[in-house]
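Start from the sequences, fold in the hints, and give me the full structure.
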Amino acid sequence: MVQRDYDAVVRRVEAVSGVDVQILGEVDGLPVLRVSAGKGDAPVVYINGGTHGDEPAGVEAALAFLEGEWDRWADRVRFEVIPCLCPWSYVHNARLNAQEVDVNWAFLRDDVPEIEILKGFVEGRVFAGVIDLHEDWESPGFYLYEMFGVRESLGRAMVARVAQVCPINKQSEIEDEVAVNGVIHPNMEVSRRKYGEGIPIALYQRGHTGHLVTSESPTTQPMDVRVAAHLAAVEVMVEAQV
181 MVQRDYDAVV
191 RRVEAVSGVD
201 VQILGEVDGL
211 PVLRVSAGKG
221 DAPVVYINGG
231 THGDEPAGVE
241 AALAFLEGEW
251 DRWADRVRFE
261 VIPCLCPWSY
271 VHNARLNAQE
281 VDVNWAFLRD
291 DVPEIEILKG
301 FVEGRVFAGV
311 IDLHEDWESP
321 GFYLYEMFGV
331 RESLGRAMVA
341 RVAQVCPINK
351 QSEIEDEVAV
361 NGVIHPNMEV
371 SRRKYGEGIP
381 IALYQRGHTG
391 HLVTSESPTT
401 QPMDVRVAAH
411 LAAVEVMVEA
421 QV
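Position one of the sequence shown corresponds to residue 181 (this note's numbering), numbered consecutively onward.
Worth flagging that the hints you see were computed from the coordinates, not collected in a lab.
Here a beta-carbon is modelled for each residue, glycine too, at the ideal position from N, C-alpha and C.
There's no promise every hint is true.
Taking CB as the label site, the calculated pair distances span [to be verified]: (1) V306 <-> D185: 32 to 38 Å; (2) A278 <-> E355: 23 to 29 Å; (3) P320 <-> E419: 38 to 44 Å; (4) D356 <-> T399: 16 to 22 Å; (5) E206 <-> G390: 29 to 35 Å; (6) A188 <-> P320: 26 to 32 Å; (7) E206 <-> E355: 20 to 26 Å; (8) N273 <-> E332: 27 to 33 Å.
Rendered as structure tokens:
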């Protein structure tokens, strides 16, 4: 079984200069880190990684963003980054947490430590954009889910940017949802019936953001390609705020 070194994640976060690092809480003795960076009164973009521990590209992309990307927009955007929401799952390369719960679909529960940490973090906050970084081991290419309100869709622009560095999943149906050139605008009622109250649905429908993207990189691609795909999607989200 894969055992990852979470201490290495912590060290990389602590080595980033010009940011504020906070421990939001601990899960099985492992800290869940929040990194704040950028202009204090600017639009806030929240980047989340590591909800599923067997999808390490999200963690790597969040770290890469902190190590080499965020300061390009430091005077125009504020960033809130949780590089690894579920550290126990990351260490053990597991989709589920130590309770055998899929954290991504457990927002209504009050007995899941990762969810309680996330609820405390988002309470009373509204983000200009949220991008949640995931992987799909079955997909032949990148795709994304997008929920948006008053602002225009960014999905097509994200896919166009990602296509420069990573194959795109162009199937007309992905995970039982209608997809158009790698973009899914999910039927949230269907998703809720299938899985329960998921983190993306909750953050969007409870007013924490008017624009949420779940970025899915293909696990079949090398890590550097998956990371580049996520970073390309993040770039488009950030550029829309400036």
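Inset, instruction - May I ask you to test the hint 38 to 44 Å on the CB atoms belonging to P320 and E419? - result: violated, 27 Å
Legend entry - Status of the given 26 to 32 Å range, CB of P320 versus CB of A188: holds, 30 Å
Inset, instruction - Take the C-beta atom of N273 and the C-beta atom of E332, compute their distance, and say whether it sits inside 27 to 33 Å. - result: With a Cβ separation near 38 Å, N273 and E332 fall outside 27 to 33 Å, so the hint is violated.
Legend entry - Hint check for E355 and E206 - Cβ pair distance inside 20 to 26 Å: violated, 32 Å
Inset, instruction - Return holds or violated for the Cβ distance of A278 and E355 against the range 23 to 29 Å. - result: holds, 26 Å
Inset, instruction - With 16 to 22 Å as the target window, see if D356 and T399 comply at their CB atoms. - result: holds, 19 Å
Inset, instruction - Starting from the hint 29 to 35 Å, judge whether the C-beta atoms of E206 and G390 obey it. - result: holds, 32 Å
Inset, instruction - For V306 and D185, compare the CB-CB distance with the range 32 to 38 Å and indicate the outcome. - result: holds, 35 Å
Against the hints set out earlier in the document, violations occur for numbers 3, 7, 8.
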